[in-house]
Amino acid sequence: MTSRTRISYSLREITDRLGGKVDGDAAVTVRQVATLERATPDTIAFLANERYLPQLKSTRAGAVIVGASVRAATPIPRIVCANPYAYFAQVSALFNPALAAQPGVHASAVVDSSARVAGDAEVGPCAVVERAAVVGAGSVIGAGCFIGDGAVIGSGTRLYPNVTIYRECVIGNRVILHSGVVIGADGFGIAMNEGRWIKVPQIGRVVVGDDVEIGANTTVDRGALDDTVIEDGVKLDNQIQVAHNVRIGAHTAIAACAGIAGSATVGRYCRIGGASGIAGHLKIADNVEISTFTLITKSIGSAGTYTGAYPFERNSEWRRNAVQLKHLDELAQRVRAIEKKPAQPKRRKR
Amino acid sequence: MTSRTRISYSLREITDRLGGKVDGDAAVTVRQVATLERATPDTIAFLANERYLPQLKSTRAGAVIVGASVRAATPIPRIVCANPYAYFAQVSALFNPALAAQPGVHASAVVDSSARVAGDAEVGPCAVVERAAVVGAGSVIGAGCFIGDGAVIGSGTRLYPNVTIYRECVIGNRVILHSGVVIGADGFGIAMNEGRWIKVPQIGRVVVGDDVEIGANTTVDRGALDDTVIEDGVKLDNQIQVAHNVRIGAHTAIAACAGIAGSATVGRYCRIGGASGIAGHLKIADNVEISTFTLITKSIGSAGTYTGAYPFERNSEWRRNAVQLKHLDELAQRVRAIEKKPAQPKRRKR
Amino acid sequence: MTSRTRISYSLREITDRLGGKVDGDAAVTVRQVATLERATPDTIAFLANERYLPQLKSTRAGAVIVGASVRAATPIPRIVCANPYAYFAQVSALFNPALAAQPGVHASAVVDSSARVAGDAEVGPCAVVERAAVVGAGSVIGAGCFIGDGAVIGSGTRLYPNVTIYRECVIGNRVILHSGVVIGADGFGIAMNEGRWIKVPQIGRVVVGDDVEIGANTTVDRGALDDTVIEDGVKLDNQIQVAHNVRIGAHTAIAACAGIAGSATVGRYCRIGGASGIAGHLKIADNVEISTFTLITKSIGSAGTYTGAYPFERNSEWRRNAVQLKHLDELAQRVRAIEKKPAQPKRRKR
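Residue numbers (the working numbering), protein chains in the order written: chain A, 1 to 350; chain B, 1 to 350; chain C, 1 to 350.
Read the hints as simulated data drawn from the structure, not as lab findings. Be aware that one or more of the hints could be misleading.
What the hints assert, rightly or not - Covered by chain A, per the in silico footprint, the following chain B stretches (three or more residues, Cβ under 8 Å): (1) 62-74; (2) 245-257.
Unchecked claim - Here are some chain A residues the structure puts well away from chain B; computed CB gaps all over 10 Å: (3) Gly19; (4) Pro41; (5) Gln55; (6) Ser155; (7) Asp186; (8) Asp210; (9) Ala279; (10) Asn287; (11) Ala309; (12) Glu313; (13) Glu317; (14) Arg320.
We treat Cβ as the ideally placed atom computed from N, Cα and C, and that holds for glycine.
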């Protein structure tokens, strides 16, 4: 664990800021957050899932964050609250505030004279900001990033090193883009003509809303004609592929390695599992949960959890079972034939 | 939609260049392409799929591109042609020509004195061109790109920012490589020896033909001994992995997130779906179509469409059904046993 | 094939260094390794798999490396050894030694005055080394790489161009990181609170052991609280995603495009297939082999091979068969009903 901070807070100071109620000594001070397992007396841990109760019993934490149902399960000074995980996230942010921009353009950065970079923004070493691009107040453009012609970066936004933003794309406020992210590369638009693929110019943009976070090496392609849109509060993990003209609804979270094909529309507050896929041109309703490794091939009109992953087994058993998949229709027909066969010599009518 | 251009064309000027026939007023001029849905009177839209006919009825486009079968479906001035999507791609290229190189090496770029960069090529800020590398006429090396020792970039080729080309790899003419592409990293060659993996030096190259486009963050590994080869006209989407010694035949198109394992050979004019996989050392014939999420585990000797994705369901139903997969062989045996059981007291001979 | 070297060795010189026994003329000299198929008389090839015996018969190689069982299968001068593939790897390393660092910091690199870079280390053009970071003896930081505050790079380690190491991460000795690798980006830690996702600060590090190799565009996220750990000798292929707080045991090899979800623990000497997945919080024992395209959803307590991929078919057949998956539970129930049905006329009560 890193130790960027030497701040300390008493439990009373924490609940004064964040709410919740202290059970036990509210004057206890802590300096950092920790897991129950590795906590030391100067740290505060949390319990969000009762299956970790044994770790609560043995933790060395100076304080813990718990829900009301387990408040009696430990004598350690504790903050009791409705949503321990979210509360913990807020406590952690107290001890680990986001790094602020260090205003200024590094001497090795290359910023076009027509670009507008806010005075309190930071542009790191070897970053490149092209013609007419805009970088908003307090934003950070990490080392080696590229901001193309006319692209707009909002305020309070952080691009970690080696992010690429193609021309004319728009990134909102308080957005975080991790290293290797590519926003606005051409969508996969090709037309077959007399034995050759012709490129379809991709003239839409990518528009990313506020409070979005995008993980390392994720790619979001620009639209073919209209824009690709990532709405406010969307959270994308690493190595996700978002194709041209996709729209992802506000506050949807997508786990790593998922792929959303062209022109698909994903609703708000969806949760999409890792390495899942959504085929092109589909519409996914709000509040849909898609399981890991699941390919969605039809639009989904109502909330719920949808799954389509093959269960794993020992290879020897999988072999025996999987081979039957190629005869499944035949097997079903044979069962139907058996059912139709008269159990008795005389015919039965249906 | 971006608006880089202020060019306008009449329908007559378009058909003079590209063929096709005008129905309606050929003097109508348009300034950009658009979707039927968002078109304005100064734009031209297209209909390539009859399921969008309702949008044709309501579009505000000044002109449309259609096939002969629907020429009577609208009173809007229209270009009638055999392949509306390919025609549209060509019209779009009229309004949105590829950006030309801006000749010269940026002051912040680092070009080795033994490298040969064509006089009309462009080398962007903070790009690096190493010993004896070659950059051909009119090519663009974007900001932050790296061109390794002895690598060769053809003519009219564009590397978007932050592309990496390892030493001695060869990129053809009129190639487009999007940001984050890595060409020529070592293939995954390891040999187990007394409890330790030994690295197998990867001494082949990557050779990319002409008119290839490779999407953002796609990786193509160098060969172990011989070369990895991407033939002319291949189109690779984003986040594809091409392992060492793969050969991809001319004009094959591969959608995002697919993976081709070592020494596999893919034919010409194949279409490979997103997040699909091809196992090592296989041979895939020409004109094969592989569906999204499908793993190919045996060579494919003839054209056709091949599929192997698990159909998704509501999780509750999937659970009930998927559990049976682990008993599928047993189920098949039980059906066989029932079939063998005499339906009547007397024995039946097979 | 590239030809960086003009070294030559006789078979005797090779076996003097690496062991094994020569059959035939030990004075024969070779200058490079090659495949049986493309070998020339000045190269040495190898046969590790008997299915390539026909190629042994027709090869033009000057010498070959073979196992004892096939030593009589060719008249070509040959080195006989226990593990031809590992032996070949070592011979190839003789002819193709890893490139050494070219000591010095390039004029265009940006190295903070508080960073410690070994005198014989190499820092390439436009690379950035931040505050208090350490680069060990003989290591190479490629062009455009970023080494964050307080990060530590061991000795004899090579970062190819455009690698990103976030602050405070630790990379061991003799490690190879290929282009586009991102080490230490924030894990996907979010907590839902009143309709908004709150970010959970990710304050752990990534710690990478010695002799690890990580392929192009692979991402390893920093821990949420404790560290993410890649143990010694681990080999990761391209485009792999390793989530926060994962631990990968020593000498495990993972093929391209696999994803390991948060807090999963993978044992030692595992072999994990391409595009496979391991769900969060699982424990995988040592020596487990996971097949390509397989999702592991439960902990695995014992060595063996585990599989869960859908077998592919021609699309027409897949359609007929796959549709039955949605009725599999019903089919199983129908078979059970048939089995329970009396073979004879009399009724049975339920």
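Against the structure, the hints:
1. 62-74: Coverage by chain A is violated here, the residue count being 0 at a Cβ distance below 8 Å.
2. 245-257: holds (count 5)
3. Gly19: Consistent with the label, Gly19 (chain A) stays out of reach of chain B, its closest Cβ about 35 Å off (over 10 Å).
4. Pro41: At roughly 42 Å from the nearest Cβ of chain B, Pro41 (chain A) sits farther out than 10 Å, so the non-interface label holds.
5. Gln55: 29 Å, holds
6. Ser155: Given a closest Cβ separation of 23 Å, the condition holds.
7. Asp186: Given that some Cβ of chain B is not farther than 10 Å from that of Asp186 (chain A), nearest at about 7 Å, it is violated.
8. Asp210: 22 Å, holds
9. Ala279: Incorrect as stated: the minimum Cβ-Cβ distance to chain B is 6 Å, not above 10 Å.
10. Asn287: 14 Å, holds
11. Ala309: 6 Å, violated
12. Glu313: 6 Å, violated
13. Glu317: 7 Å, violated
14. Arg320: 4 Å, violated
Hints 1, 7, 9, 11, 12, 13, 14, counting from the list given before, are not met by this structure.
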